[in-house]
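Asks: Given next are the chains, with one letter for each unit.
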Amino acid sequence: AQSVTQLGSHVSVSEGALVLLRCNYSSSVPPYLFWYVQYPNQGLQLLLKYTSAATLVKGINGFEAEFKKSETSFHLTKPSAHMSDAAEYFCAVTPAGSYQLTFGKGTKLSVIP
Amino acid sequence: EPEVTQTPSHQVTQMGQEVILRCVPISNHLYFYWYRQILGQKVEFLVSFYNNEISEKSEIFDDQFSVERPDGSNFTLKIRSTKLEDSAMYFCASSAGRGQAGELFFGEGSRLTVL
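Protein sequences, first through last, are from chains A and B. Count along the first sequence from 1, then add 43; that gives the number in this note's numbering. Count along the second sequence from 1, then add 6; that gives the number in this note's numbering.
One should not assume that every hint holds.
Per the computed footprint, the stretches of chain A lying under chain B, defined by three or more beta-carbons under 8 Å from a beta-carbon of chain B, are [what the hints assert, rightly or not]:
{"id": "1", "segment": "83–92"}
{"id": "2", "segment": "142–156"}
To give a feel for the contact side, a few chain A residues facing chain B, derived at Cβ under 10 Å [claimed, not checked]:
{"id": "3", "residue": "V47"}
{"id": "4", "residue": "Y68"}
{"id": "5", "residue": "F77"}
Just so you know, these hints were derived from the structure itself, not from any lab. Where is the CB? At the ideal position from N, CA and C, for every residue including glycine.
Take these sequences, add in the hints, and give me the full structure.
Replies: This is the structure in structure tokens:
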């Protein structure tokens, strides 16, 4: 069984500041890990994924995440927040070979001008 | 850019009524999914569908739910007799193939309100 915990349901950062959204997972088998973003009134969009290749994964819009097996973490970062980054971010996990994503509760990111 | 489209965007129904939510996945995708999100809760997996049959389903996907690909383009979710607790946003998604596990393309969702 797998699960995802996202610390902080709401994170606020100033424009230009570092964005750090936390995700910890548990999985009984090697996981695939994902970050999805949901803008208001839109569907979920894949930001980036980890599928057992490089542990530092780069995604769209300047986001990246690092898979740390020892910490069971897959935190999402962006060096400099932009107003357009305001959205809800979801971490998700699936066992390799499965299509059943398990999502975290989401973290709403606000960017303050 | 290709996208997954869902209809209706919002449906209000009475408890006990049947509801059909419709989705048009991306045309060359082979795997189709339904997820739902009850207000304030996590996005939850319901079912995945490949080669005209269900490949995985969750405990939520009981006998009240069914999925169908009636033609080459639509993918539907039917709830036979809706309950209050079925009120949620339902997301359809599709993916290209086994090598793209987890790379789901989601629609904008259909909000179902059961009164």
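Asks: I'd like to know which numbered hints this structure contradicts. Please list them from smallest to largest.
Replies: 4
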